[in-house]
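Participant: So the chains spell out like this:
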Amino acid sequence: MFDVSQGAKTLIEVRGLKMYFPIYAGVFRRHVGDVKAVDDVSFDIYEGETLGLVGESGCGKSTCGRAILRLYDITAGSITINGREIGKESQAGLRKLRPTMQMVFQDPQASLNPRMTLEGIIGEPLLEHTDMDRTQRRARVHELMDAVGLNRRFSNRYPHEFSGGQRQRIGIARALALNPKFIVCDEPIAALDVSIQAQVVNLLEDLQKQFGLTYLFISHDLSMVRHIADRVAVMYLGKVVELSARESLYNEPLHPYTKALLSAVPEPDPDLEAAERVILQGDVPSPANPPAGCNFCTRCPAVMEICHREDPAFREVLPGRFVACHHYNDMNVSNETADETGS
Amino acid sequence: MTDTSEITEEKARSQWADVWSQFRSHRGAMIGASFFIFICLLVIFGPMLWPIEPNFIDIRAKNQGPSLAHPFGTDQLGRDTFAQVLAGGRVSLLVGVTAMGLALFLGTFIGVLAGYFKRLDSPLMRLTDLFLALPILPLLLVIIMLFRDTLRAAFGPETGIFLLVVFVIGITSWMHTARIVRGDVLSLKEQEFVLAARSIGTPSHRMILRHILPNVMSPIMVSATLGIATAIITESAISFLGLGFPSDFPTWGRLLSDSTNFMTLNPERVIWPGLAISLTVLSVNYIGDGLRDALDPRIRGR
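First to last, the protein sequences are chains H and G. Residues in the first sequence are numbered consecutively from 1, following our numbering. Residues in the second sequence are numbered consecutively from 1, following our numbering.
Since the hints were made in silico from the structure, they are not lab data. Accuracy of the hints is not assured; some may be wrong.
Stated by the list, open to error - Below are the DSS-like pairs computed for lysine-lysine, each with C-alpha atoms no more than 25 Å apart in a straight line:
#: 1; chain 1: G; residue 1: K118; chain 2: H; residue 2: K18
#: 2; chain 1: H; residue 1: K181; chain 2: H; residue 2: K18
#: 3; chain 1: G; residue 1: K118; chain 2: H; residue 2: K88
#: 4; chain 1: H; residue 1: K209; chain 2: H; residue 2: K9
#: 5; chain 1: H; residue 1: K88; chain 2: G; residue 2: K62
#: 6; chain 1: H; residue 1: K18; chain 2: H; residue 2: K96
#: 7; chain 1: H; residue 1: K181; chain 2: H; residue 2: K9
#: 8; chain 1: H; residue 1: K181; chain 2: H; residue 2: K96
#: 9; chain 1: G; residue 1: K189; chain 2: H; residue 2: K18
#: 10; chain 1: H; residue 1: K181; chain 2: H; residue 2: K209
#: 11; chain 1: G; residue 1: K189; chain 2: H; residue 2: K96
#: 12; chain 1: H; residue 1: K88; chain 2: H; residue 2: K18
Using the sequences and the accompanying hints, generate a full structural model.
Facilitator: In structure tokens:
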């Protein structure tokens, strides 16, 4: 497994990422507010690791992943990939950088053009970014199909002729076509049934070893994230509330939200039935109108008075463990200031 | 997947061979296509083979019913209706197909632009609304009055009026296509495969050509087939008003409108051109139906 010790090179550096979607209302389509899908998120992804990004539906996981790839024009913040700042790059300028960063999508059916053959779909990145001729392209497509375990005979078929798991392999092959360094996996297993989930996750792990890939693995399946991720970030209402190495996060969660989230994971052993399930009351507040202070203060079981007033900073409270919670205000690693978080 | 010993690639299927085989399996489309080709051949080569000129006046044989010499009968001036239907079909079909092509091109172009580029959506759709709200007949009158003589002088009387009629029909019938296409593009644009293409870095124009256009083929096909019918009928309306082709120049629409006065005397004069229009439109509809199915890989092979 990946070693999170300090020698690892940072591949992706996200600082203060904000992605707001404006809300227009009224006759004159006035700008009345923003949906704060991603609100001031900072973290690093080291080369060769898998960073799991978990959270409940609608907390901004997918938006965060897409914003990092600059599929959206972000509201604020900086994204550095491989030492290059892309936060403010134009879409035309990003085109040259696309080969280093790719994406695997959630819905394998919707993410493949129904009117293109497999060869066309997997070959599209090659067509856009390389000057291979038809035969070279076909050879590369076959290579990729081998890599993801698809039979070469299928290269002239259309996506609707495949099962869900096979379609997801097509999506993975397309993402791999240009030898990327970094792949955002946006809930790649959510639409698959359990036996196929395992196949796809194992395939992703094998490919990671084979090609030295770095993943941002977005999921709401906590057990699967525990299996694949090296470090895990937990998101709530547009913010990362906790980020730490996998084992420490799962064994000893710090943030009350993480505790509640982990206590919801079903325990397969009936003798070990966890007695202390934390059941959250109420609903997630609207990201268009988040509460004052800590975003989690409306539902937190351990809420304090300060939580309603002040937004907790996202700080490193133990080596390699970041959390945004007032409960850990007195803990601090070597007087680091808040704005150096994540490094 | 299970058969791993088989490493030879499935025989590369040519897409057009697939399309053709699916098209052939659509019975209505095959009948429609044969009939359409038959009509086309008839109107192209018919006037060369049929001995009677469409404008030859034999006043003694006026208002006759069907006979061996005149299978479709004759009109009030003794002109042979069969020869006129053949000659008129040339113009009507040509006008129908060309005007439909122009309307389709305009409609698709505007629809795709409006649907894909958010910035253009509102101005282009208001333009479409404007065209829909324009009273077409006065507009036609004005356009034809303004440009008829210029075009006649430039291209000769028949070509000039042909270009004018095609242009006028084309620019007054693209709006429905544009609206349908825009709606489809709007929903397609949010599909994940478009996002996937964007994450690859596909630029907008190739995105439209590769991902958007092939997926809006079905509504385009449908409006194309309906468009031919509308174009033929609009042309007859223009001719009926005396604004289209000259009065001695037969088209299906003109034959139809000329015959309405004589409907009680010999009704078959209305029936023949009417039948020609209806059957052509019907066959084109079936062709469009078959093409739409054949171009969709999800339906193909079922």
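Participant: Now tell me if each hint is right for this structure.
Facilitator: Here is how each hint holds up against the structure:
1. K118/G with K18/H: Cα-Cα ~23 Å, so holds.
2. K181/H with K18/H: At roughly 24 Å apart (the allowed maximum being 25 Å), K18/H and K181/H satisfy the hint.
3. K118/G with K88/H: holds (21 Å)
4. K209/H with K9/H: holds (17 Å)
5. K88/H with K62/G: Cα-Cα ~81 Å, so violated.
6. K18/H with K96/H: Distance of about 24 Å is within 25 Å: holds.
7. K181/H with K9/H: Holds: K181/H and K9/H sit about 13 Å apart, inside 25 Å.
8. K181/H with K96/H: Holds - the C-alpha atoms of K96/H and K181/H are around 14 Å apart, at most 25 Å.
9. K189/G with K18/H: The given pair, whose Cα atoms are some 24 Å apart, holds under the 25 Å limit.
10. K181/H with K209/H: Holds, at roughly 12 Å.
11. K189/G with K96/H: holds (23 Å)
12. K88/H with K18/H: At roughly 13 Å apart (the allowed maximum being 25 Å), K18/H and K88/H satisfy the hint.
The structure is inconsistent with hint 5 alone, although it conforms to all the rest.
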